[in-house]
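*Asks:* Chain by chain, the residues run as shown.
Number of protein chains: 2
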Amino acid sequence: MKKDKRYYETKASEAEYLAWYKTQDWGSYDKPAMTVDNLIFGFDPSDEQLKILLIERKAHPFKGKFALVGGFVEPTESAKAAALRETTEETGVRITDNRQMWQIGAFTDPKRDPRQWIISIAHATFLYPFVSPQAGDDALQAKWFTITHTAENELAFKHPDETVTLDDLAFDHKAIVLATFKRIKESLDVTPDILRVLGETFISTDALVVLKHFDTKFEDYSTGNFVKTYVKNNPILMDTGLFEQNPQKPGRPKKILRFRS
Amino acid sequence: MKKDKRYYETKASEAEYLAWYKTQDWGSYDKPAMTVDNLIFGFDPSDEQLKILLIERKAHPFKGKFALVGGFVEPTESAKAAALRETTEETGVRITDNRQMWQIGAFTDPKRDPRQWIISIAHATFLYPFVSPQAGDDALQAKWFTITHTAENELAFKHPDETVTLDDLAFDHKAIVLATFKRIKESLDVTPDILRVLGETFISTDALVVLKHFDTKFEDYSTGNFVKTYVKNNPILMDTGLFEQNPQKPGRPKKILRFRS
DNA sequence: CAAATAGTGTCTCTAAGACAATATACA
DNA sequence: TGTATATTGTCTTAGAGACACTATTTG
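Protein sequence lines correspond, in order, to chains A and B. Going by the numbering used here, the first sequence runs without a break in its numbering and finishes at 287. Going by the numbering used here, the second sequence runs without a break in its numbering and finishes at 287.
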């Protein structure tokens, strides 16, 4: 008697089932292509601004539009590994700290890509050190854009040459950006990992520049109150007790703050 | 001269590009199968306990183990639509409020499924009303398990017949459950959507039963302090000013609380 | 020594949380 | 009338945030 599907699924051993499974043809099942998109944040020390990395698309679809760094996931890697790989390809920086990259979520609308069924796993990366982007394999050039907020409190990304609004972005990257900013904002009290763009140690004024993009309450903070109410008793951040050496600017020496680990 | 890939990608119109794209064979690209897994929470009014819905697997792989409600995503639906569909199939309840279902994230380790490359988009559902599970298509029976915490503060799920620990779960569902509890806990101040298992209106004692599973601070709350410090000034919750009618138990009438919308 | 900048000290006020007192319903 | 249960009221205290003052560096 021929052994059937039901036999392997419920009667056979798991090893026997798996051996049978691999002999079957599952090609008729529809599957989506899987990509990752990565919203890479960096803090430019030259002008002390928080920036994001965008790519100008040279090919269809969305030719001429700007997009997040992204690419296809290989069958041997997780989505996070793919996002890490793409980040290194684009910047040369090899992220090793898990807390510098978050998964934001899966974007799975079957019509999000005009070509075919392509889902994307969105990530946010808090890059450090800050580097100039490298030319990618696909010859698409990436540029750092300063994050700004319009009068209507909408995001816009500025480069000396041009300004990019959320509606100028390719695919559903507007939704990805909004979800990322929302997540960072909501997580600020639990873990202010966005500050990892500043490196292991940092000063309060730079931290405030970064945090103001995510919560307006930081606009009113003096640096003193910031350290008192946000850094002290923060399970993630701490005051080193040290002060910055060799400042290039006038003013009182700056406290050095850091992540606890 | 034959028009090549480069022509369509960079010279042609987008419509022309898409028409060409569909004529190409992309079958050689590796793609993952996509599933959803859904951690369904419910509040059983008969014993006033927070419960989750688990399925006992009757077939390989992980035969005999318990698992979250899940299934494959169709090419015409988003992951959320698939999770909603599976929820209705399993419970008969049709969730219409977006806030009753969250996406937790994508689980994409290529070895998470022993059969082949199968990723899963995890969801959490705050089911209401509470109903007995229906027999699914695949004749797997679902059961409600009470959420408990061991002395080591580890989760365990209890049914009159049996106890299920996190390590008893199929696939990487342990990681999905942990990520879900973490997310709910971290979001508690932003949006206590887990309370939607109680319905539109609810009383403080039931809310505390639910919230205690996610933050130990609620163990020390009196119901009075709970309303004062958590419900009042909460942008999501409010006090209706009304009191419960026709109580079956002795005691002072209970305040009726509710979601603001 | 003036300007710039950020840390330090002080004060006010709100709100969290502990706990006692009170209100309502059942038996 | 006693018991169960939850609300209401009171008190204490910690900490958020405003703001004035002080310390350090540049030029």
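It is worth saying that the hints were derived from the structure and are not from the lab. Possibly wrong hints are sitting among the right ones.
[Said to hold, decoys possible] 20 Å max Cα-Cα, derived DMTMM-like pairs, lysine to aspartate or glutamate:
1. Lys91(B) / Asp139(A)
2. Lys84(B) / Asp135(B)
3. Lys48(B) / Glu35(A)
[Unchecked claim] Over the 10 Å line for every Cβ pair with chain A, so calculated as not near, a few chain B residues:
4. Asp30
5. Ser104
6. Trp143
7. Phe171
8. His185
9. Leu204
[Unchecked claim] Derived, one-sided and incomplete: chain B residues facing chain A with beta-carbon distance under 10 Å:
10. Ser39
11. Tyr43
12. Leu44
13. Lys57
14. Glu82
15. Lys84
16. Pro101
17. Ala107
18. Gln129
19. Trp170
20. Thr172
21. Val190
22. Thr191
23. Glu212
24. Thr231
25. Phe285
Cβ atoms here follow ideal geometry from the backbone N, Cα and C, with glycine treated the same way.
*Asks:* Take the hints in turn and mark each one as holding or not.
*Replies:* Going through the hints against the structure:
no. : hint                 : result
1   : Lys91(B) / Asp139(A) : violated (37 Å)
2   : Lys84(B) / Asp135(B) : violated (24 Å)
3   : Lys48(B) / Glu35(A)  : violated (37 Å)
4   : Asp30                : holds (13 Å)
5   : Ser104               : violated (5 Å)
6   : Trp143               : violated (5 Å)
7   : Phe171               : holds (23 Å)
8   : His185               : holds (22 Å)
9   : Leu204               : holds (14 Å)
10  : Ser39                : holds (8 Å)
11  : Tyr43                : holds (4 Å)
12  : Leu44                : holds (6 Å)
13  : Lys57                : holds (4 Å)
14  : Glu82                : violated (12 Å)
15  : Lys84                : holds (6 Å)
16  : Pro101               : holds (4 Å)
17  : Ala107               : holds (9 Å)
18  : Gln129               : holds (5 Å)
19  : Trp170               : violated (25 Å)
20  : Thr172               : violated (28 Å)
21  : Val190               : violated (19 Å)
22  : Thr191               : violated (20 Å)
23  : Glu212               : holds (5 Å)
24  : Thr231               : violated (28 Å)
25  : Phe285               : violated (18 Å)
Hint compliance for this structure: hints 1, 2, 3, 5, 6, 14, 19, 20, 21, 22, 24, 25 are not met, and every other hint is.
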